[in-house]
Every structure is written in C-alpha cells, then in structure tokens.
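Student: Sequence:
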Amino acid sequence: MSAPRVITVPTADHGDVQVTEPDWCSADHSGEAYREDIEHSGAETHLVVFTPCHGPVRTLPVGFLWRPFSPTNNQIMATIHVADEWHEFDPAALIRAADALIEHAATLRVYARQLNELQAHGGESR
Numbered sequence: 000m001s002a003p004r005v006i007t008v009p010t011a012d013h014g015d016v017q018v019t020e021p022d023w024c025s026a027d028h029s030g031e032a033y034r035e036d037i038e039h040s041g042a043e044t045h046l047v048v049f050t051p052c053h054g055p056v057r058t059l060p061v062g063f064l065w066r067p068f069s070p071t072n073n074q075i076m077a078t079i080h081v082a083d084e085w086h087e088f089d090p091a092a093l094i095r096a097a098d099a100l101i102e103h104a105a106t107l108r109v110y111a112r113q114l115n116e117l118q119a120h121g122g123e124s125r
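Be aware that the sequence shown starts at 0, since it is given in numbering that gives the first Met the number 0, and climbs by one per residue.
To be clear, the hints were calculated from the coordinates, so they are not data collected in a lab.
Some hints here could point you the wrong way.
Using C-beta positions, here's what the derived DEER-type ranges look like [said to hold, decoys possible]:
no.	residue 1	residue 2	range
1	W23	L59	28 to 38 Å
2	V81	T19	26 to 36 Å
3	L59	D36	50 to 60 Å
4	P3	P90	51 to 61 Å
5	E38	L117	16 to 26 Å
6	I6	P70	19 to 29 Å
7	V48	R112	24 to 34 Å
8	N72	G121	47 to 57 Å
Remember, it's a predicted structure, so these values are computed and weren't measured experimentally.
Cβ atoms here follow ideal geometry from the backbone N, Cα and C, with glycine treated the same way.
When you get a sec, could you build the whole thing from the sequences and use the hints?
Tutor: In structure tokens:
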C-alpha cells in the first residue's frame, strides 16, 4: 500500500493548508479560498435512460464529497443532483433513495402496461 498523498491548498484565512488527498478525489483545489471550503469530490456515475427522442440521456448523477474542515458536517457523503440541486446523503439516506428508485421503477412498469393497453385500444381503457 502506498503512503497517503498530502497536498497543499492555499487559503486566505489559514495560509497554506496541508490535507490528505483521498485516492478517489478528482477535484481541482485551486479555487478554495477558505479552509472550510476545501472539498474532495470524486467522479460521478449517472443513470442512463434511453429515450426515443434523444437517445441515451444521463441523469441523476451520484458521487462522493468530503469537506474535512466543514464546521457543520465533515463526514464523507454521497451527493445526488436532484431537482436542480445537489443533496447530501449518508449511508442510510442513500439506501432510502435506492429504495425509492426501486418503488418508482415498479410504478414505471405499471405505466408501461397501462400505456400498452391504451395504445392497443385507441386511447380507451378496457
């Protein structure tokens, strides 16, 4: 195992701050003016939905985020972009989000069956 990588981040309030860089971090630390703004973020993974009109569409990005000097939450979190905002999730909340997606997938299957019936009968329910 290799030694942890330590980087130096210049800040306006604490000067040069040395911080351990996690191996999953892909962030550019040059724009972090204050120590509490230092954050590690990793690569994002997306749900890819194949649409007839636009082909594959990437949505619901998820990744890791860690603000080691945050005064409110210095834990590593998962972040998901939902409704035009980034939301932070701890492990339990992330499992609840996954459960909600499973439930919504079941709803999409119900809609698919209903749509099949509507299309088969000219828009009329049977």
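Student: Out of the numbered hints, which ones does the structure contradict?
Tutor: Hints 1, 3, 4, 5, 7 not satisfied by this model.
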